[in-house]
Every structure is written in structure tokens, then in C-alpha cells.
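Novice: This is what each chain is made of:
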Amino acid sequence: MKTYPMKLITIIGETHARTPLCRLFEEVGAHGFTVFPVEGKGSQGLRDGGMPEYANLQFEVIVQAATAELLLDRLQEAFFPSYAMVAHVTDIGVLRADKF
Amino acid sequence: MKTYPMKLITIIGETHARTPLCRLFEEVGAHGFTVFPVEGKGSQGLRDGGMPEYANLQFEVIVQAATAELLLDRLQEAFFPSYAMVAHVTDIGVLRADKF
Amino acid sequence: MKTYPMKLITIIGETHARTPLCRLFEEVGAHGFTVFPVEGKGSQGLRDGGMPEYANLQFEVIVQAATAELLLDRLQEAFFPSYAMVAHVTDIGVLRADKF
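Residue numbers (the working numbering), protein chains in the order written: chain A, 1 to 100; chain B, 1 to 100; chain C, 1 to 100.
Just to be clear, a hint being listed does not mean it is correct.
Which copy? The list can't say, so a pair holds if one copy fits it or any two copies do.
[What the hints assert, rightly or not] Here are the computed lysine to aspartate or glutamate pairs in the EDC-like style, where the Cα-Cα straight-line distance is at most 20 Å:
1) LYS2 <-> GLU69
2) LYS2 <-> ASP91
3) LYS2 <-> GLU39
4) LYS2 <-> GLU77
5) LYS2 <-> ASP73
Don't read these hints as lab results, they were simulated from the structure.
Computed from a prediction, not measured in an experiment: that's the story for all the values here.
One chain only, chain A, in its complex shape:
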């Protein structure tokens, strides 16, 4: 079975980052994504001397390599200074590459 090498960008962020993130996905040309709620404990909580749980959203976006670069650049510049957020990238193989 032929698969196409692409990038899965996973972003874990505060729920109020949702609207600007969705706008960013459209701007960079991402053709689709999924989002689901997660509980998270992170280094953010350590600032208060503990590790409180809080509601987050996990976004998963499948994009071509060039779009991944652009998306990560924009996250670093425009989102990380303002939002508690983590982003990582995974190499994947995709069926139906025409959709992305």
C-alpha cells in the first residue's frame, strides 16, 4: 500500500487558544484537523509550586513538510509568548494525500 510522507503536528493548548489556532490553520493552508479535550499537567503549573490539572485541547493537524515549517514558525512567534502551549511534530505516512 502506497502512503505519502507527511507531518502530524500535535498542539496542546488552553481552550481559549482555539479560535486563533483555527484561524492560523486556515492561513497556512492546513486542510483539516481534529480537536479533543484532554486533562493536562505541565510545567506551567509548577510556577505556582504545584502541578494542578486544567482543561486543555489537543489539536492534531496533518500537513505537508513545508506547511509544517510555516505552522511551527507561526506558533513560536505568535502563540508561545501569549499562550501556555506545547507543540510537537511526528513523521507519518498518509493514505489519500490528495486531501491535504
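Once you have looked at the hints, place chains B and C on chain A.
Specialist: Okay, now just chains B and C, sitting in the frame of chain A:
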């Protein structure tokens, strides 16, 4: 720690694909999977001139490489013509390979 | 965009494993994780002659390679004998490596 190279197949599809997908997992010999609901925006929605959100299920199946090939082939042939669906594959290392 | 090579550890386990797992994450020095509920069918269920669905939690932990080794060792030794659990590891690239 020894891990075993395996494949993680992730499938995002409409909720009504659930029963036939579970049947497929059994047929190809996948020994287990997880499923959870996600919101999705995809190229499917663009056909209507917008990007409406809709309810999807995200399936994650861990299989050996040969089973992954078989599963992806069957998805392409039997599911993609009929269902709005995306599938991708990731290389992973698994503990407890005897379970798969 | 510079990303840092790290490991994503995914653990699917019974809900009552949550408290000891969270304690383990802290012990090995994992700085954060997400958790969300999933339905699972696994080889565990086959022991009863069927594949019943049951409630599980999926944990995702981002750690450096050395911490991943330690975490997987501890899972194998201290958790797998007692809990129905699956763990796998994926190579990822992370922005904001200072958080982990």
C-alpha cells in the same frame, strides 16, 4: 528497555463507520484498538463551500507491519469510496509485543 | 524551525492505574502529560473468550530519551504484572524543549 518495532494506524472517520471498521480490525487480525470522539474539520466540508465541524471517531490500532499493509489496503479498497475517512501510519516501539 | 528530538510515551491503561502512574511520572522527572478517556478492546478481553469494551485512560508523556528508558523500565517491572496496560514510544520533534 527493549521495544518491538510496530505500526500505529490512526483512522479518523464518521461515527457510522464504527461497526464495519471493528469488523475489519478483527478480520485482519488486529488484537486491540482504542477509539475516542473528536471534532474534525476536513476537506470533506469544503465541498459545501465551508468547513463545518462534525462528530468523528478517532481509532488507534497497533499492528505488525504485515497486518498494517493488509489493513491499509482494505481501507483504501472498501472504505474510502464510501466513507469520509483519513488514515495514517506511524512507526512506534511497543512494550509487550506478545499482545499484538 | 528548530525542533528537539524527544520521545512521546503513550500508555493505555485501566482507570485505576491513574494515581500510581502519575506518581511514576513525577518520580522519573516527566514534566507534564495529558490524559483522556478512551474505549478499548484488547487481548485482555480475549481471556474471557470475547472482546468486551471497557473504559481506559490514554496517557501521553513527552520526555527526553534517557527519561523514556527509565519510564519504560519502571512500567515493565512495576506496572505490567499488575495492570492491563499497553505502552509504546514514538520519536517526535518538540518546540519549547526547555519545558521538558
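Novice: Using 20 Å as the alpha-carbon threshold, which applies to LYS2 and GLU69: within, between, both, or neither?
Specialist: This pair counts as between: shortest inter-copy Cα distance 9 Å, intra-copy 24 Å.
Novice: Given identical chains, is LYS2 near ASP91, meaning Cα to Cα at most 20 Å, within a copy, between copies, both, or neither?
Specialist: both (15 Å within a copy, 15 Å between copies)
Novice: When Cα atoms must be at most 20 Å apart, do LYS2 and ASP73 count as within-copy, between-copy, both, or neither?
Specialist: Answer is between; shortest inter-copy Cα gap is 9 Å, intra-copy 30 Å.
Novice: Between copies, within a copy, both or neither: which fits LYS2 and GLU77 at Cα up to 20 Å?
Specialist: Cα proximity of LYS2 and GLU77: across copies only (13 Å, versus 36 Å in one copy).
Novice: Evaluate LYS2 and GLU39 at a C-alpha cut-off of 20 Å and name the case that applies: within, between, both or neither.
Specialist: Cα proximity of LYS2 and GLU39: none, with 36 Å in one copy and 27 Å across.
Hint 3 alone, counting from the list given before, is not met by this structure.
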